[in-house]
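> Chain by chain, the residues:
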Amino acid sequence: MSTPSIEAYRSLPVPSRSVHAWRYTPWKKVHPTGDPDVVPTDVIAASVSLSMLDGTDVPAGISLKMIDSQYPDSPLPDDDIAAAFLREICKEHWHLKVESKTVLESPLLVEIRASGHMAAIEMSVEIGAHSEVESVWTISGEASWFGFLRQGSIAVGTEYTEVMEQALSSSTVLLRGEGWDIDRDALMSSCLLSLGGSLLRSDLRSRIVQGSMIRQLIASHGIGDRSDDHHLEIDHVFGNNVSRVVLHSACDDSSRGVSTGQLRIAKGADGSNASQIFRNLLLSPDARAESIPELEVLADDVSAAHGAASAPIDSEQLFYLESRGLDPEAAQHLVVEGFLIDAMKELGSAKLIDWLRGRLTIHLDCALLE
Amino acid sequence: MKEQARDAVGDYRYGFHDSENATIRFDSGLSEQVVRDISAIKKEPQWMTDIRVKAYHHFIERPMPDWGNSEMLNGINFDNICYYLKSSAGTEKSWEEVPDEIKRTFDRLGIPDAEQKWLGGVTAQYESEAVYHSIRDDLEEQGVIFLDMDSGLREYEDLVKQYFGSVVPYSDNKFSALNTAVWSGGSFLVIPEGVHVEMPVQAYFRINAKNMGQFERTLIIAKAGSSIHYVEGCTAPTYSTESLHSAVVELIAEEGSHIRYSTIQNWSANVYNLVTKRGIAYKNASIEWVDGNLGSKLTMKYPAVILKGEGAHADIISVAYSGEGQHQDAGSKVHHLAPRTTSRILSKSISKNGGRSSYRGMVQVSPKAHGCKVSVVCDALLLDADSRSDTYPTMEVANNSCSVEHEASVSKVSGDQLFYLMSRGHTEEEAMGMIVNGFFEPFTRELPMEYAVELNRLLEMEMEGSIG
Numbered sequence: 010m011s012t013p014s015i016e017a018y019r020s021l022p023v024p025s026r027s028v029h030a031w032r033y034t035p036w037k038k039v040h041p042t043g044d045p046d047v048v049p050t051d052v053i054a055a056s057v058s059l060s061m062l063d064g065t066d067v068p069a070g071i072s073l074k075m076i077d078s079q080y081p082d083s084p085l086p087d088d089d090i091a092a093a094f095l096r097e098i099c100k101e102h103w104h105l106k107v108e109s110k111t112v113l114e115s116p117l118l119v120e121i122r123a124s125g126h127m128a129a130i131e132m133s134v135e136i137g138a139h140s141e142v143e144s145v146w147t148i149s150g151e152a153s154w155f156g157f158l159r160q161g162s163i164a165v166g167t168e169y170t171e172v173m174e175q176a177l178s179s180s181t182v183l184l185r186g187e188g189w190d191i192d193r194d195a196l197m198s199s200c201l202l203s204l205g206g207s208l209l210r211s212d213l214r215s216r217i218v219q220g221s222m223i224r225q226l227i228a229s230h231g232i233g234d235r236s237d238d239h240h241l242e243i244d245h246v247f248g249n250n251v252s253r254v255v256l257h258s259a260c261d262d263s264s265r266g267v268s269t270g271q272l273r274i275a276k277g278a279d280g281s282n283a284s285q286i287f288r289n290l291l292l293s294p295d296a297r298a299e300s301i302p303e304l305e306v307l308a309d310d311v312s313a314a315h316g317a318a319s320a321p322i323d324s325e326q327l328f329y330l331e332s333r334g335l336d337p338e339a340a341q342h343l344v345v346e347g348f349l350i351d352a353m354k355e356l357g358s359a360k361l362i363d364w365l366r367g368r369l370t371i372h373l374d375c376a377l378l379e
Numbered sequence: 201m202k203e204q205a206r207d208a209v210g211d212y213r214y215g216f217h218d219s220e221n222a223t224i225r226f227d228s229g230l231s232e233q234v235v236r237d238i239s240a241i242k243k244e245p246q247w248m249t250d251i252r253v254k255a256y257h258h259f260i261e262r263p264m265p266d267w268g269n270s271e272m273l274n275g276i277n278f279d280n281i282c283y284y285l286k287s288s289a290g291t292e293k294s295w296e297e298v299p300d301e302i303k304r305t306f307d308r309l310g311i312p313d314a315e316q317k318w319l320g321g322v323t324a325q326y327e328s329e330a331v332y333h334s335i336r337d338d339l340e341e342q343g344v345i346f347l348d349m350d351s352g353l354r355e356y357e358d359l360v361k362q363y364f365g366s367v368v369p370y371s372d373n374k375f376s377a378l379n380t381a382v383w384s385g386g387s388f389l390v391i392p393e394g395v396h397v398e399m400p401v402q403a404y405f406r407i408n409a410k411n412m413g414q415f416e417r418t419l420i421i422a423k424a425g426s427s428i429h430y431v432e433g434c435t436a437p438t439y440s441t442e443s444l445h446s447a448v449v450e451l452i453a454e455e456g457s458h459i460r461y462s463t464i465q466n467w468s469a470n471v472y473n474l475v476t477k478r479g480i481a482y483k484n485a486s487i488e489w490v491d492g493n494l495g496s497k498l499t500m501k502y503p504a505v506i507l508k509g510e511g512a513h514a515d516i517i518s519v520a521y522s523g524e525g526q527h528q529d530a531g532s533k534v535h536h537l538a539p540r541t542t543s544r545i546l547s548k549s550i551s552k553n554g555g556r557s558s559y560r561g562m563v564q565v566s567p568k569a570h571g572c573k574v575s576v577v578c579d580a581l582l583l584d585a586d587s588r589s590d591t592y593p594t595m596e597v598a599n600n601s602c603s604v605e606h607e608a609s610v611s612k613v614s615g616d617q618l619f620y621l622m623s624r625g626h627t628e629e630e631a632m633g634m635i636v637n638g639f640f641e642p643f644t645r646e647l648p649m650e651y652a653v654e655l656n657r658l659l660e661m662e663m664e665g666s667i668g
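Protein chains in written order, with the numbering used here: chain A, 10 to 379; chain B, 201 to 668.
Rather than coming from a laboratory, the hints here were simulated on the basis of the structure. Don't take each hint at face value.
[What the hints assert, rightly or not] Restraint-style ranges between C-beta atoms, simulated for each label pair:
#1 Arg645/B - Gly334/A: 49 to 57 Å
#2 Pro642/B - Asp374/A: 22 to 30 Å
#3 Gly125/A - Ser601/B: 40 to 48 Å
#4 Ser27/A - Val577/B: 24 to 32 Å
#5 Val48/A - Glu641/B: 55 to 63 Å
Model, not experiment: these values are computed from the prediction. Cβ coordinates follow ideal geometry from the N, Cα and C atoms, glycine included.
All chains should be built: construct the whole structure from the sequences, respecting the hints.
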């Protein structure tokens, strides 16, 4: 695939609000300069490092290298304006490769740090066939604007589980694009804990084929005037596969949670089983939640469902906790913690859920002290 | 030609047509002069002509929607459509005085029988104008106004001026602009304070001519504490060329009133059905849309309710059936603007023989809508591998004391259900028909019995030949 030229981005029209993926966070708003015609050249490459979560050495067969080529045939289409922009501005392309038949005892740890006025990084992830791999990703830093493009493939018969903690500074604008190909009989489970940033726009797309399964779980906590916009698309290209999307967004203060999604079952993809659930917990009179869970079904022998709900905290839950001696604020934090952890329960790795729970508890305790 | 038409739109019970016997027929195509001529023929007041002209310019300037089925929408040739056709000298109050050709059409559709048996009033619209109109004497004595829209404008100009376009302004969308520019016919209904109209009133819309555009305009005002059930039905003959139906319906439900608006849309499969329907419900009022979409080539219709007063309620039940070459893009919109408002949306669709059904919905909860409750349920059945079902719901919630729930599912007919019914001696086709009727039951039970029976029969006809 040839490197897209600057014209590739500039030839794309700015998406209108009638495109659901861009309805609530216009492109202009997440562009680093606010002017869609500008393609900045002074973007700093974010740093990335690879280690093992338990501190041991990274085993043979696993590598993180800077490469020249770009990811071919990405699930992120060429006409996606965010992906085209990120491909254009990213100065470094890192490739994480796990050889086939790798079975890891301990999770990988990938740490990404974004500093400076504008930072960006492009990564590709290749998990080889018949492997069992877990990984922990952290995104942190004080960059005013951070662009993150990640594309990956999970090869035949592999089980890949990852968790990601996004803990950027509270003033960072994040533009994130991800595309995954899940090959035959492979399983990918991912869970994102979205805690930092001020304005966040993520576009997560996946393609699944026969016998494969994807679980995308997201827990987002909004405070201040944070706006966290997730767009999720899953293409059931062939049949007999499973997709699960669970997004829990707790919105406090004047924050906003946005969840738009599309499950697409292609013609002939019989035996597909797709579900998508968006739940919003509204904690303050000024908090907002917007949800558009979409289904496009072109095959008849399928099971496809989606659900969305927005509501305040159940007063009975608060009453119960307060009757056990908790003050109202602590009671609310406990309910929020439970609500966000509930989004992670399908992950399938107790070790990674425990790690995420620890990060979430620290975040909520800090928020309680502020 | 007849065979060609049949091939194009399939088997359709109301596909007959009578020879065109127009007293006035405009040339095809739309211009400011056409708009002014329609207004002049109707001898309308200047303010109405001005609104029509403004709407015409808005229609011309506004681009086609860039969402939905753009391919089908862009297939509409607005220059090939006749915007005004009058087949009768006037609106008759006696069935005997309706011109024979038109009477024959409505006789075949069963309108006179229905009126005698169970209706409080009837308006029958043929092409652009109402040809027959009647209301029961007791309702007239109670002060109920039920007229065709043109007569309403003549006899109650102040009332029409006050409410016309107040719920659906011409600038709302491209097709509301078109309707406002060239509207003709429709119903004007005012129910006085405290009056409960026990028997439904009905309007029946029929397109008979080729390349015809029907643009009726309906305005219903339910005064405080009143109630009404309005039923509309739509059919058209089977031609190989396309017709356009673009109506606007405005409902105003004042404090404590109740409006139920039921539609059975059974246009032939060569009609574009692009309709804007919206109601405003004030304090403790309720509006119900009961909406059945069986026919048409492309339907884009999203009945809406603006819940403006505390305690107002909206109920929207819709079903859609898409067969070969059809796209039913239907849905619903509810805007919660006031505290303790409630809404319930139930949408069911069936796609067969390559048909496409889409649910497109919008629920908005404003910051002031404390304690409101919303429930949305969408179910879709796909009967074969060539068909398609889409769900595009939007929920925008800006209040933290409300409860909003949405759920949707897409599936095929359960093999267990089919097996059970066939083990009781039904053929597969009968079993499938029964399951489909059962699937639509939450909708049919809300219809007057005669309509429910008719709908079940129509569905059975549509299901014929669906197996094997």
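> Mind checking the hinted window 40 to 48 Å against the Cβ distance between Gly125/A and Ser601/B?
Holds - the Cβ-Cβ distance for Gly125/A and Ser601/B, about 43 Å, lies within 40 to 48 Å.
> For the range 22 to 30 Å, tell me whether the beta carbons of Pro642/B and Asp374/A fit it or not.
About 48 Å separates the Cβ atoms of Pro642/B and Asp374/A, which means 22 to 30 Å is violated.
> If I claimed the Cβ atoms of Ser27/A and Val577/B lie 24 to 32 Å apart, would that claim hold in this structure?
holds (25 Å)
> If I claimed the Cβ atoms of Arg645/B and Gly334/A lie 49 to 57 Å apart, would that claim hold in this structure?
holds (51 Å)
> Measuring from beta carbon to beta carbon, are Val48/A and Glu641/B in 55 to 63 Å?
holds (58 Å)
Violated hint for the displayed structure: number 2, the only one.
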